[in-house]
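Single-letter residue listing:
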Amino acid sequence: MKSISIAFIIFTLALLSFSTYQALVVAPTEATMGEVQRIFYYHVPSAWVAGLCFFVNFLASITYLINRKPNADAMAAASAEVGVVFCTIVLITGPIWARPVWGIWWTWDARLTTTLVLWLIYVSYLVLRRFAAGSQTQVLSAVLGIFGFVDVPIVYMSIRWFRTQHPSPVMGGGESSGLAPAMLQAFLWNLLAFTCLGVAFVMARYHLQKVENQVESEHAQLALQGGTR
Amino acid sequence: MSSMSVTRATLMKDLRMEWRSKDAINSMLFFSLLVVVIFSFAFNPTAEESRLIAGGLIWVAFLFAAVVALNQTWARELRNQVLDAYRVSPAPPNALFLAKALGNFLFVAVLEVLMAPLFVVFYQLRSVGPLWQLVVVALLGTWALVVNGTFFAAMSIRTRNREIMLPLILFPISIPALLAMVDSTTGILTGEFSPDFWIKLLLVYDVIFTAVCLLLFESVLNAE
Amino acid sequence: MTGAVALKVAYVVTWVVQLLYLRYLLGRYRRVRGEIKDLKRSS
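Sequence lines, in order, name chains U, Y and X.
First residue of the first sequence: 1, per my numbering; consecutive thereafter.
First residue of the second sequence: 1001, per my numbering; consecutive thereafter.
First residue of the third sequence: 2001, per my numbering; consecutive thereafter.
Think of the hints as simulated: they come from the structure by calculation, not from any bench.
On a predicted model such as this, the values are computed, not experimentally measured, just so you know.
Take these hints with a grain of salt, some might be off.
If you want the ones that stay clear, here's a sample from chain U, every Cβ over 10 Å from chain Y, calculated [claimed, not checked]:
id, residue
1, Ile9
2, Met157
3, Gln165
4, Pro167
Below 30 Å or equal to it, Euclidean Cα-Cα: the simulated DSSO-like pairs (lysine-lysine) are [unchecked claim]:
id, chain 1, residue 1, chain 2, residue 2
5, U, Lys69, X, Lys2037
6, U, Lys2, U, Lys69
7, U, Lys210, U, Lys2
8, U, Lys210, X, Lys2008
9, U, Lys210, X, Lys2040
10, U, Lys69, U, Lys210
11, X, Lys2040, U, Lys2
12, U, Lys69, X, Lys2008
13, U, Lys2, X, Lys2037
Listed next, with one range per pair, are the computed distances between beta-carbon atoms [claimed, not checked]:
id, chain 1, residue 1, chain 2, residue 2, range
14, U, Ile4, Y, Glu1163, 18 to 26 Å
15, U, Gly103, Y, Arg1126, 20 to 28 Å
16, X, Glu2035, Y, Leu1203, 28 to 36 Å
17, Y, Asn1026, U, Gly103, 21 to 29 Å
18, Y, Arg1008, U, Ile66, 27 to 35 Å
19, Y, Ser1003, U, Leu59, 44 to 52 Å
Note that CB positions come from ideal geometry on N, CA and C, so glycine has one too.
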């Protein structure tokens, strides 16, 4: 198991180097925005990975409520945390992109606002995990994970409608901007590379959670047996 | 014991106890009033401007007041080990949940009715759009806050810092409903755009989350 | 902030965030490994 993990990590790092090269060197410069558009190759794949992680959290939460297996809960914890990390990257790279293009850091643009709300929902999930009382953490988190993900399409629709009614500058080139084939190539490489990175982080965090759960149950057993022998 | 009789009995008991002490409604009212006054210092709107900001202001005041009510939803049950008794009784858990949610709905609705004339007075508020639409938004919006709020209150009592945990987990998930409430209220008051989509969105939100709450309440009640 | 600078900042920040998260994970691993050692010692 360990050698596969190490091989996968090396593979991911190589992939990331290649995809970054694609993004910075191979992909052509965009006509209107110039070099800053290349942020897109990191910004959008990060959003995709975050969304994927939250979906995994949704599935893991449902699975936990059905079969109460601690591994399902471990996967829920791992995917939520990694999802928040990638979501944070989206929220930071977005304004960095907007600043030279629009002269402002933030415009409550539909996609970035939706990402912000998602970030808030899953950060609240992580806060609940931290402050729930011991044995109930798993059930409560699973429930909140389900609530959170069910909310996602509603959040998306509501913010999109709001922005249709009250328009403002759109970050990241708008809905209709197409991708030249050379750009698409760089984008897809980064999409693959970031997905592999996300998978690597989730598996690492999942493994960590399982080990921690084991240690905790051993502590509990020791306590039941009346302290150290 | 049927679901409906349990719901009605619990609801009646809560309403009767609240009527006697008026604890929740008094603190909610005072808190709302404070929010309104503080906002008046922050903005000093003309009649035209007040119509633009009233939507947000009203719902922020109601949201904070609702949290006051929600935080004490389960306090009495917790104090007297009623929840444990409920867990072992054959009564359906959803009946208890519905009773609590309906109770909270009534408390917040009463608050809204009492506060409405105050908003009219403080901000010279007069609605350009039809009043019945405001009532629909208020009903759907209040239920959206209260159904999830009652559910999350049951979750947050199982955490180490229960009072702050409730708004912390409730607010992010309520954002689309709050957006709908605020923007539709603004649309109706100014008469500048139609609140139809928002009303539909609130309806969808209410249906989906009422279903999710009913589906998952038993898991939360039995979480140990 | 010009476009070229923004690009560099964005890419660097992405990797900083990832590395910070990696550091957090390694920290937790180290702690749990310590706890395992303690458990083994007391059993």
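Is the hinted pair Lys69 (chain U) and Lys210 (chain U) satisfied, with a Cα-Cα distance of at most 30 Å? holds (11 Å)
Verify the proposed pairing of Lys210 (chain U) with Lys2040 (chain X), using a straight-line Cα cut of 30 Å. holds (18 Å)
At 10 Å, judged by beta carbons, does Pro167 (chain U) keep clear of chain Y as stated? Pro167 (chain U) clear of chain Y: closest Cβ-Cβ about 13 Å, beyond 10 Å.
Between the alpha carbons of Lys210 (chain U) and Lys2008 (chain X), is the straight-line distance 30 Å or under? Violated: Lys210 (chain U) and Lys2008 (chain X) sit about 37 Å apart, past 30 Å.
Starting from Lys69 (chain U), check that the Cα of Lys2037 (chain X) is at most 30 Å away, please. holds (26 Å)
Given a hint of 28 to 36 Å, does the C-beta separation of Glu2035 (chain X) and Leu1203 (chain Y) actually sit inside it? violated (51 Å)
Is Lys69 (chain U) close enough to Lys2008 (chain X), meaning Cα to Cα at most 30 Å? violated (44 Å)
Regarding the assertion that Ile9 (chain U) does not contact chain Y, is the least Cβ-Cβ distance greater than 10 Å? Ile9 (chain U) is indeed farther than 10 Å from all Cβ atoms of chain Y, at 33 Å.
Sort out whether Lys2 (chain U) lies within 30 Å of Lys210 (chain U), counting only the CA atoms. holds (15 Å)
Confirm or reject the claim that Arg1008 (chain Y) and Ile66 (chain U) have a C-beta distance inside 27 to 35 Å. holds (32 Å)
With a cut-off of 30 Å on the C-alpha distance, tell me whether Lys2 (chain U) and Lys2037 (chain X) pass. With Cα atoms ~20 Å apart, Lys2 (chain U) and Lys2037 (chain X) stay inside 30 Å; holds.
Distance restraint hint 20 to 28 Å, applied to the beta-carbon atoms of Gly103 (chain U) and Arg1126 (chain Y): Since Gly103 (chain U) and Arg1126 (chain Y) have Cβ atoms about 39 Å apart, the given range 20 to 28 Å is violated.
Against the hints set out earlier in the document, violations occur for numbers 2, 3, 8, 12, 14, 15, 16, 17 and 19.
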